[in-house]
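**Student:** Listed below are the residues making up each chain.
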Amino acid sequence: MSEEFDKKLAAVCGLFCPACSIFIGTKEDRARLNVIAQRVQRPVEELRCNGCRSEQLCYYCESNCKMAKCAVAKGLDFCGACPEYPCKDLKAFQAEMPHRIELWKSQERIRETGYEKWYTEMIEHYSCPTCRTLNSAYDIACRKCGATPSCPYVRLHQDEIIQHLSKRK
Amino acid sequence: MRYEDVLKTLAPCGLNCGKCQAYSEGDIRKHASELKRLLGSFDLYAERFSGFLPVFKNYPGFKELLNQFSGANCKGCRQGDCKYPNCGVATCYKQKGVDFCFQCGEFPCDRTNFDPDLSKRWLAMNRRMKEAGVEAYFEETKDQPRYRDVTDLPARDRCH
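From first to last, the protein sequence lines stand for chains L and G. Residue numbers in the first sequence follow my numbering, run continuously in steps of one, and reach 181 at the last position. Residue numbers in the second sequence follow my numbering, run continuously in steps of one, and reach 140 at the last position.
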């Protein structure tokens, strides 16, 4: 059961850690992690991440994320349960990158159905319809079988994702 | 104002581009440009005045903002220039062939990507347009400031 929906991988902000490129890189794709490390100019060790509520966080979530620390201080599991939701920190965070487009929808879903149900929906949302591999929002084509789009999330937000990728150095 | 003219500034979500700080033809841009013109070379004076009125020490920051406002160059939502990050409405209304969300058979849908606060306003704006008509809605909201803390207002007053 704990393998089916792991709370460590259901981020406070509403992101789904298993569909994060850094998480995928940490768990099963060393080459991917190296590429990201080079792009962000950080040693690869600082990128290793086992998920939002784990002991090992990537440098970004460790030092930049305001939500996780705030939720601990308030004794909350997810931002959506907070009286200040949606606060300006979360709004600014959501607006920054296209893998965060559905944060509001996720918070709503978690509140309505519980994170377990949401978690199973997210697996579907980021899985390749052909080979069932979990992809990140930035895998336009499936990282295993090459099918395009790689998953329902990418199908829905392809334009925004491609626009973002084209601006990347 | 006629429906066709309202369409020039009212976005399909219901927000009024004409009142936006980023809009090239907006009142904020126009007033900022005029203020900038009237201030001329105030820099030199601000420095001198700050000796006896310390508030003028902040003039450089103020001027920077004034330049930002007066340089607004957005052409507006219907010209394909929506500034809301990942706005789902800007492309969708064209595909659906409607002028405003409320005219769509699927309204209210979950494809806006708006944050929960804007979502509430979007609902209120579109319900009001549906109820009162686009032209009347435009008239009753055109003089309200665009930027208000609307989270505590009743639904009807969230419109702008």
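Simulated from the structure, these hints should not be mistaken for lab results. A few of these clues could be false.
[As the list claims (entries may be wrong)] Computed footprint of chain G on chain L; a stretch qualifies when at least three of its residues, placed anywhere within it, have a C-beta under 8 Å from a C-beta of chain G:
id, stretch
1, 45 to 58
2, 145 to 152
[As the list claims (entries may be wrong)] Only pairs whose alpha carbons sit at most 30 Å apart, straight line, appear in this in silico DSSO-like list of lysine-lysine:
id, chain 1, residue 1, chain 2, residue 2
3, G, K43, L, K100
4, L, K20, G, K76
5, L, K129, G, K122
6, G, K100, L, K78
7, G, K55, L, K179
8, G, K74, L, K20
9, L, K86, G, K(-1)
10, L, K117, G, K16
11, L, K129, G, K63
12, L, K39, G, K43
13, L, K129, G, K(-1)
14, L, K81, G, K100
15, L, K86, G, K76
16, L, K179, G, K63
17, G, K110, L, K179
18, G, K10, L, K117
19, G, K63, L, K100
20, G, K100, L, K103
21, G, K100, L, K156
22, G, K43, L, K103
23, G, K43, L, K117
24, G, K63, L, K103
All figures in this text were calculated on a predicted structure; none of them were measured in a lab. Just so you know, even glycine gets a beta-carbon here, dropped at the ideal spot from N, CA and C.
**Student:** Give a verdict on every hint.
**Tutor:** Do the hints match the structure? See the list:
1. 45 to 58: violated (count 0)
2. 145 to 152: violated (count 0)
3. K43(G) to K100(L): 26 Å, holds
4. K20(L) to K76(G): 40 Å, violated
5. K129(L) to K122(G): Violated: K129(L) and K122(G) sit about 44 Å apart, past 30 Å.
6. K100(G) to K78(L): It holds: about 25 Å lies between the C-alpha atoms, which stays within 30 Å.
7. K55(G) to K179(L): Holds, at roughly 22 Å.
8. K74(G) to K20(L): Not satisfied, since the Cα-Cα distance of roughly 41 Å exceeds 30 Å.
9. K86(L) to K(-1)(G): Violated - the C-alpha atoms of K(-1)(G) and K86(L) are around 37 Å apart, more than 30 Å.
10. K117(L) to K16(G): 43 Å, violated
11. K129(L) to K63(G): Cα-Cα ~34 Å, so violated.
12. K39(L) to K43(G): Violated, because 50 Å separates the two Cα atoms, which is more than 30 Å.
13. K129(L) to K(-1)(G): Violated, because 42 Å separates the two Cα atoms, which is more than 30 Å.
14. K81(L) to K100(G): Judged against 30 Å, a Cα distance of about 28 Å means the pair holds.
15. K86(L) to K76(G): 43 Å, violated
16. K179(L) to K63(G): Given pair K179(L), K63(G) holds - Cα atoms ~17 Å apart, limit 30 Å.
17. K110(G) to K179(L): Distance of about 39 Å is beyond 30 Å: violated.
18. K10(G) to K117(L): Violated - the C-alpha atoms of K117(L) and K10(G) are around 38 Å apart, more than 30 Å.
19. K63(G) to K100(L): 17 Å, holds
20. K100(G) to K103(L): 15 Å, holds
21. K100(G) to K156(L): Distance ~40 Å between K100(G) and K156(L) Cα, so the pair is violated.
22. K43(G) to K103(L): 28 Å, holds
23. K43(G) to K117(L): 40 Å, violated
24. K63(G) to K103(L): This hinted pair holds, its Cα atoms lying about 15 Å apart.
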